[in-house]
Amino acid sequence: MKGEIADLSRRAPPADTTVDILVIGSGCGGATAAWDLARAGREVLVLEEGGDRTGLDLTQRDSIEYDDLYMDRAGRATEDLAITILQGRALGGGGVINCSDVVPIHDPVLRVWQRRFGLTGFSPEALAPYTKRALEDLHANEPREDQLNRNNLLLRDGARHLGWRGEVMKHNRVGCSGLGTCMIGCPADAKMGPRFVAIPGALKAGARFWLRARAVRIEDASAELKTVRVRRLDPTGHREVDGFTVRARRVILAANAIASAQLLIRSGIGNEHVGRHLSLQPQLPVTAIFDEEVRFFRGIPQAYAVTQFEDLDHAQHGFWGFRVEAISGTPGIVASLLPRLGHEGKELMRLYPRMASVLCLLPDEPKGEVRVERSGRLRVRYALDEEQKARFRVAAKAAARLFFAAGAREVMVPCVPLIALRSPDDLPLIDAMSLEPCTAPLVSAHQQGAVRFSTSARDGGADPSGQVWGTRGIHVLDSSGFPTSASSHTMAPIIAVSHFLAAQIS
Amino acid sequence: MQDGFSILSRRRLLRGSLAAGGFLFMGGLGLWALRGRASRVEGLRSLTDHEHRTLSALARALFPSGGAFAFGSEQAGLERAFDGFLADEPEWNRADLKRALFLLEYGPVIFEARPRTFSNLSEAERLAHFQRWSESRTLIRRQVALAFRKFLSLVFYDQPAAWPGIGYPGPLTLAGR
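Going line by line, the protein sequences match chains A and B. Residue 183 in the numbering used here sits at position 183 of the first sequence; the count goes up by one each step and never skips. Residue 120 in the numbering used here sits at position 120 of the second sequence; the count goes up by one each step and never skips.
Just so you know, not all the hints are guaranteed correct.
[Said to hold, decoys possible] Among chain A residues calculated to face chain B with C-beta under 8 Å, some are:
#  : residue
1  : Ser-63
2  : Tyr-66
3  : Asp-80
4  : Gly-201
5  : Gly-332
6  : Gly-342
7  : His-343
8  : Pro-353
9  : Lys-367
10 : Cys-438
It is worth saying that the hints were derived from the structure and are not from the lab. The C-beta atom is built at its ideal place from N, Cα and C for all residues, glycine as well.
Just chain A, with the same shape it has in the complex (with noise of 0.2 Å):
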């Protein structure tokens, strides 16, 4: 069989196709594991939301990369708007939009998973030679300090100030530019992620790649052949042109950790797991302004981490606390997440080339819920609790602690009303931040849960083979399975996963 990439919004599929391996999603999990199933000898078709986007097709422009890019053209969210939740949509998934960090699963993680899920399968030991293979596909490397904009030794410099921990993360880029637009794709096509790796591997062994098709709905869920029903885009990605079916002996779902269970509840499959214990590992971005020009807007948005308050051995979650990590963004992005507007907020970003800007990062209880309403329309439940609100107020401090030990002249903690700091005697002023839904730019990058490994469908969505449980032939291999927060970013940990599970399939 020879491989292909076809865009469907420009050619309908064939009628009445079959397949033996139907994977849905072309990110991290799904491309993983075509490559694998496909090197195995199996006969696999891919299906895409989104295009394929590489090289300078990529504009660099705000507007136009965050409406195809990502899911719901950016504005996905949970219900109550509180949290933005980022989820790539293009051939390679979030491999094509994320900052590139490689942080594979702690063993600690893996011993909770074990100890607390029962997935004793889960081991480090097990998952060695998986996470190893994960980091080979990445090219992963460590940034070399040239590479390191002024945004991240900025934080370097106040971590170092502070005598706080902090690390610089290895990432998957090869011949980085330095062009700064790593969230609204590459057109140095430097990313080392599944679009450069898992996919020309399956391409080479016979995968084939349908792109800008949606599955709408899986049915004969228990029988040998299932069919999916799918719906064609037109070039936009944004409307349904027609329909087809695909018949497939195995589905694996890989469309991300809400696509996924979304699919399930919308084809009335799985218990009552399906949607639930859902991650979505909250970040608050917190600015600052500095008398010299930062320019953070070039060179790679993340690279220095401050760990000092991670707890990798926690108990009860294996990760758990806060990071603070280095980013930016492009002038839209930057705009649209700061609350000063009129006179004030063109004041605000003239001084852009002055900013500097982190991420405060919290694991959390995998608590939320993907919901289907009977319209098909999506509905994201997630709430920040008390606890979690004094960890973002720690956290903020934290952030603005770094910035002012680096030389900050204000910071910026950007919810509305707007809490400004002209020294470290105003952090008392971040307990007034209330973080009620909307009135902080809250985002989520890294979701994880959803149709949580268990070992029995008492306890969880699927099985840990991550085949849903009441399914045959129904598996999910993206982060929908994990138990809890992996990682602090999760592009090494689901390829790892996806190696080590495809093994079990082929």
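Given the coordinates of chain A, assemble chain B onto it according to the supplied hints.
Relative to chain A, chain B alone:
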């Protein structure tokens, strides 16, 4: 006793319904009268003329011309961008966002008992009104404010004409490509 109570209830219900209906009718008439006329806008795909006017009034308050830099919403075409976005959205989201525009337009009347609609306020009043919504104790007002702020800010500052004013030199080009 039972019959008498039922009759009384029905009468009360009828009177109440008529009063409520009349109140709603008068209220609706009042809102309709307050909104005034909106200029005809050619080529809109999803917004009505009145919705376009509300959005335009909002955009001008959030991104006024002049001040820190000259470029403002009048040159940015934010209303067209939103109209195009809306036209390609699923029906439920289009309906939600149109409801949000309605709420914004009649917000001064509904929430503050002022006899003026949003687009009839001065620019400074519109900005102050919007900021009160951002900080409101009512979730729906915060949601409306957040949704429009995010969309309009992203589109406004993505425009090359805004970049000189904020010191952004624009995307780098790749050597040799």
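How the hints compare with the structure:
1. Ser-63: Because about 4 Å separates Ser-63 of chain A from the closest Cβ in chain B, which is inside the 8 Å limit, the hint holds.
2. Tyr-66: holds, 7 Å
3. Asp-80: holds, 7 Å
4. Gly-201: violated, 25 Å
5. Gly-332: holds, 4 Å
6. Gly-342: Given a least distance of 5 Å, the restraint on Gly-342 of chain A holds.
7. His-343: OK, holds: His-343 of chain A within 8 Å of chain B, min 4 Å.
8. Pro-353: holds, 4 Å
9. Lys-367: violated, 20 Å
10. Cys-438: holds, 4 Å
When each numbered hint is compared with the structure, violations occur for hints 4 and 9.
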